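Q: From first to last, the protein sequence lines stand for chains E and S.
Residue 385 in our numbering sits at position 384 of the first sequence, and the numbers go up by one each step.
Residue 392 in our numbering sits at position 237 of the second sequence, and the numbers go up by one each step.
What the hints contain is simulated information worked out from the structure, not anything from laboratory work.
Don't take each hint at face value.
To be verified - Covered stretches of chain E, going by a simulated chain S footprint (3 or more residues, C-beta under 8 Å):
(1) 31-44
(2) 74-84
(3) 164-175
(4) 230-236
(5) 315-326
Unchecked claim - Cβ-to-Cβ under 7 Å is the rule here; a few derived chain E residues that face chain S:
(6) E24
(7) D26
(8) I28
(9) N107
(10) H112
(11) Y133
(12) H136
(13) P226
Computed from a predicted model, the values in this text were never measured in an experiment.
Every residue gets a Cβ at the ideal spot worked out from N, C-alpha and C, and that includes glycine.
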Amino acid sequence: MAISDVQEYMHLTDEEIEQLGRELDAIRKEVEDSRGPKDAAYINRLIRIQRYLAIAGRLTLLVGVHDKRTRVPAAVTGATLLALHKILENMEIGHNVMHGQWDWMNDPEIHSSNWEWDTAQPAEQWKHSHNYVHHQFTNVLGYDNDIGYGILRMAREQRWSPVNLGQPVYNAMLATLFQWGVALHDLDIERIRKGEKDPKEMKRQLKQIFRKGRNQILKDYVVYPALAGPQWRTVMAANVGANLTRNLWSYVIIFCGHFPDGAMHFTEEEIEDETRAEWYLRQILGAANFEGGPLMHIMSGNLGYQIEHHLFPDLPSNRYGEISVKVKALCEKYDIPYTIGPLHKQYGQALRTIIKLSVPNSWTNSDKPEPPTPPQKRRRRSDSERPDRIRQLGAWSRGTSQERKAS
Amino acid sequence: MLTLLRQRLFTDDVANTIPWERVRRAGSKLTTPLLPDDYLRLVNPLWTTRELRGRIEKVVPETEDAATLVIRPGWGWRHDHRAGQYVGIGIQVDGKFVWRSYSVSSPPKRSGRHIAITVRAMPEGFVSDHLVNGLTPGTIVRLASPEGDFVLPEPPPAKMLFLVGGSGVTPVMAMLRTLDRRGTVPDVVLHYSSPTEDRMIFREEIERLEQAHETLKVHKQFTDTDGMLELSDLDRLCPDWRERETYACGPAPMLDAITEHFEQAGLEERLHLERFSLELGGDGGEGGTITFQNSGKKVELDGATTILEAGEEAGVGMPYGCRMGICHTCTVTLVKGRVRDLRNGDEFDQANEQVQTCVTTAVGDCTLDI
Numbered sequence: 002m003a004i005s006d007v008q009e010y011m012h013l014t015d016e017e018i019e020q021l022g023r024e025l026d027a028i029r030k031e032v033e034d035s036r037g038p039k040d041a042a043y044i045n046r047l048i049r050i051q052r053y054l055a056i057a058g059r060l061t062l063l064v065g066v067h068d069k070r071t072r073v074p075a076a077v078t079g080a081t082l083l084a085l086h087k088i089l090e091n092m093e094i095g096h097n098v099m100h101g102q103w104d105w106m107n108d109p110e111i112h113s114s115n116w117e118w119d120t121a122q123p124a125e126q127w128k129h130s131h132n133y134v135h136h137q138f139t140n141v142l143g144y145d146n147d148i149g150y151g152i153l154r155m156a157r158e159q160r161w162s163p164v165n166l167g168q169p170v171y172n173a174m175l176a177t178l179f180q181w182g183v184a185l186h187d188l189d190i191e192r193i194r195k196g197e198k199d200p201k202e203m204k205r206q207l208k209q210i211f212r213k214g215r216n217q218i219l220k221d222y223v224v225y226p227a228l229a230g231p232q233w234r235t236v237m238a239a240n241v242g243a244n245l246t247r248n249l250w251s252y253v254i255i256f257c258g259h260f261p262d263g264a265m266h267f268t269e270e271e272i273e274d275e276t277r278a279e280w281y282l283r284q285i286l287g288a289a290n291f292e293g294g295p296l297m298h299i300m301s302g303n304l305g306y307q308i309e310h311h312l313f314p315d316l317p318s319n320r321y322g323e324i325s326v327k328v329k330a331l332c333e334k335y336d337i338p339y340t341i342g343p344l345h346k347q348y349g350q351a352l353r354t355i356i357k358l359s360v361p362n363s364w365t366n367s368d369k370p371e372p373p374t375p376p377q378k379r380r381r382r383s384d385s386e387r388p389d390r391i392r393q394l395g396a397w398s399r400g401t402s403q404e405r406k407a408s
Numbered sequence: 156m157l158t159l160l161r162q163r164l165f166t167d168d169v170a171n172t173i174p175w176e177r178v179r180r181a182g183s184k185l186t187t188p189l190l191p192d193d194y195l196r197l198v199n200p201l202w203t204t205r206e207l208r209g210r211i212e213k214v215v216p217e218t219e220d221a222a223t224l225v226i227r228p229g230w231g232w233r234h235d236h237r238a239g240q241y242v243g244i245g246i247q248v249d250g251k252f253v254w255r256s257y258s259v260s261s262p263p264k265r266s267g268r269h270i271a272i273t274v275r276a277m278p279e280g281f282v283s284d285h286l287v288n289g290l291t292p293g294t295i296v297r298l299a300s301p302e303g304d305f306v307l308p309e310p311p312p313a314k315m316l317f318l319v320g321g322s323g324v325t326p327v328m329a330m331l332r333t334l335d336r337r338g339t340v341p342d343v344v345l346h347y348s349s350p351t352e353d354r355m356i357f358r359e360e361i362e363r364l365e366q367a368h369e370t371l372k373v374h375k376q377f378t379d380t381d382g383m384l385e386l387s388d389l390d391r392l393c394p395d396w397r398e399r400e401t402y403a404c405g406p407a408p409m410l411d412a413i414t415e416h417f418e419q420a421g422l423e424e425r426l427h428l429e430r431f432s433l434e435l436g437g438d439g440g441e442g443g444t445i446t447f448q449n450s451g452k453k454v455e456l457d458g459a460t461t462i463l464e465a466g467e468e469a470g471v472g473m474p475y476g477c478r479m480g481i482c483h484t485c486t487v488t489l490v491k492g493r494v495r496d497l498r499n500g501d502e503f504d505q506a507n508e509q510v511q512t513c514v515t516t517a518v519g520d521c522t523l524d525i
């Protein structure tokens with residue numbers, strides 16, 4: 002069974018799927034060929050704005066909290082500025098730079114190979130757990146650890162266990178402490194518990210997380226509060242507020258990517274012998290967009306264009322808007338579902354799934370078409386158990402050395 | 156205020172007494188995961204050592220198609236280049252950094268604040284044309300540290316011969332200026348070929364130098380009218396050329412002819428050349444499988460292809476710059492394995508060592524952090 006046997010595109014012939022693939026390749030090529038000074042200016046400007054926000058936030062807190070009259074407004078303003086800075090840095094800048102969206106600029110200061118983002122997870126581990134595992138095996142049960150992050154049961158195909166009764170609580174904790182949840186994601190605690198993890202690798206990862214996490218904590222909860230002297234409590238509270246805001250916001254955005262009702266799950270069998278065109282199809286069916294204005298999209302790292310991001314993870318995020326028009330048209334042409342809705346609706350559906358799936362399947366009705374497959378074990382796979390990486394992901398078509406020499 | 160502080164830190168011994176590195180490290184506690192420099196460069200683009208930068212201060216036209224760029228390097232630049240060396244310069248063209256190398260034409264000066272490079276716009280040379288005609292003062296460019304063995308020896312040889320063609324004059328100019336500044340020009344003969352008089356870069360300055368120093372003799376040859384330099388003429392132009400340390404810089408065919416001529420005379424040890432193309436003289440590695448850690452991509456590499464090319468073939472977004480081993484833009488971390496530098500056969504096998512992918516190949520299996 003291949004992915005083209007999934008009900009949603011039974012109506013397409015193999016040739017039609019390949020044609021769709023070629024049309025998506027053409028969209029990609031068009032964007033790659035037109036990347037230029039405007040795009041470079043966009044990311045450079047955004048990085049500048051984000052750094053000014055950071056400076057403004059820290060200064061507002063350091064200066065403003067000493068006078069009784071300005072203390073509360075300064076704390077609120079400072080926390081807001083810091084939250085904006087962290088959100089921009091994590092979502093529109095860090096996440097996208099680490100995908101290699103800006104590698105084409107050949108600027109070592111804005112490059113996926115050495116970008117370190119302003120959150121507890123070391124970039125290297127993020128690039129493995131996200132760029133590789135999640136983007137390659139998107140929504141494949143047992144392969145994509147982002148289906149519930151090993152904490153939540155997010156697909157009816159996943160076996161229920163009494164532990165899942167606590168899901169609403171785990172969910173609230175994950176949202177609040179999202180930065181730390183992400184930090185531990187690549188460690189794969191489940192495999193550590195089962196003794197399947199290479200102890201050397203675990204030690205290396207833990208060390209990395211410890212070092213990065215320590216610096217992050219020192220900065221927000223020790224150094225900056227200390228600089229405020231007697232008003233350290235206010236600064237600490239504002240920093241907690243900023244981190245919390247960033248955590249909640251990124252949690253909501255990320256849960257809208259693959260958990261709304263339209264986003265499908267897949268099985269191991271369905272990705273067997275997957276072609277590039279079928280991989281594209283899986284990305285469209287496994288992701289969900291949400292609507293919003295330009296500012297909303299920037300603040301969410303353009304992940305409202307989750308479908309486009311999954312089709313082209315390494316094209317510059319500022320182009321996803323224009324790409325989405327073309328992708329939508331293609332989906333209409335080929336009669337493929339294109340999941341989109343307002344943010345509150347998308348998140349609402351994700352939340353409903355979290356609550357519904359905390360109890361056994363038989364107690365609730367599915368909001369999605371019934372899975373055609375038997376229940377799956379939730380065991381996470383190691384890299385060696387994953388099928389060979391399909392080479393078509395990421396920077397696959399970024400030109401050869403010959404082409405570059407010619408240019 | 157900041158400028159003042161910086162001058163104090165950088166211009167005299169204060170730099171050695173204030174533990175500048177420690178200040179930066181303390182500052183990074185406030186800026187982690189970034190460096191203080193990432194914020195300081197918002198104030199002044201030159202206040203960062205993350206990547207070497209410079210500001211174009213002046214663009215001085217030399218001839219119709221050549222210009223000298225006077226550059227003020229930013230933090231981290233050590234004014235310690237040797238006369239004759241070249242630097243990498245990176246500019247953003249269509250949003251993308253492209254790199255070229257040019258000889259520094261200004262003499263090295265410890266207390267210096269500027270360096271100068273002289274660039275000729277080559278026909279169809281997109282980047283060189285942009286450098287000559289497209290840069291305005293104030294533009295921020297990226298720089299790479301000085302490199303190259305084509306340098307004025309210390310002390311300078313008593314008798315020297317310079318064979319120069321076209322814009323090959325730039326490294327030689329740095330040497331002549333250095334000798335001039337010290338006021339002790341040894342016995343120097345400069346043979347300078349150029350298509351026409353107008354296209355001769357530094358013509359007036361060289362004429363001035365010739366007048367100022369009796370020991371400097373200059374032959375000019377305008378190849379459009381006089382034809383190319385025939386090396387058999389060397390006996391006539393400079394009868395004692397066999398006794399001179401010879402420095403040649405110019406187009407590749409000219410250098411090839413000179414090399415042959417010196418080899419026939421058994422004098423290749425006296426000849427020093429500057430070529431602006433990569434010569435991979437070293438032995439290749441044995442090859443092996445290269446794993447690109449972050450994407451999980453693997454590629455088989457023979458011992459003659461560079462890691463950079465292999466990565467690009469595999470579709471990994473490799474950083475790259477000059478592609479000849481000078482600018483270090485392409486540097487990535489070697490997690491494990493061993494690589495060999497194709498230029499000289501040096502091997503690198505430390506865990507987490509930084510390697511230049513554009514001039515290295517694999518010796519056995521390697522893993523790279525990209």
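Q: Next, verify each hint and record whether it holds.
A: Evaluation of the provided hints:
1. 31-44: holds (count 7)
2. 74-84: Our answer is that it is violated, as 0 residues pass the Cβ test (under 8 Å) against chain S, missing three.
3. 164-175: violated (count 0)
4. 230-236: violated (count 0)
5. 315-326: violated (count 1)
6. E24: violated (21 Å)
7. D26: violated (13 Å)
8. I28: At 18 Å from the nearest chain S Cβ, E/I28 fails the 7 Å test, so the hint is violated.
9. N107: holds (4 Å)
10. H112: holds (6 Å)
11. Y133: holds (5 Å)
12. H136: violated (10 Å)
13. P226: violated (12 Å)
In summary, the structure is inconsistent with hints 2, 3, 4, 5, 6, 7, 8, 12, 13 from the numbered list given earlier, while agreeing with the others.
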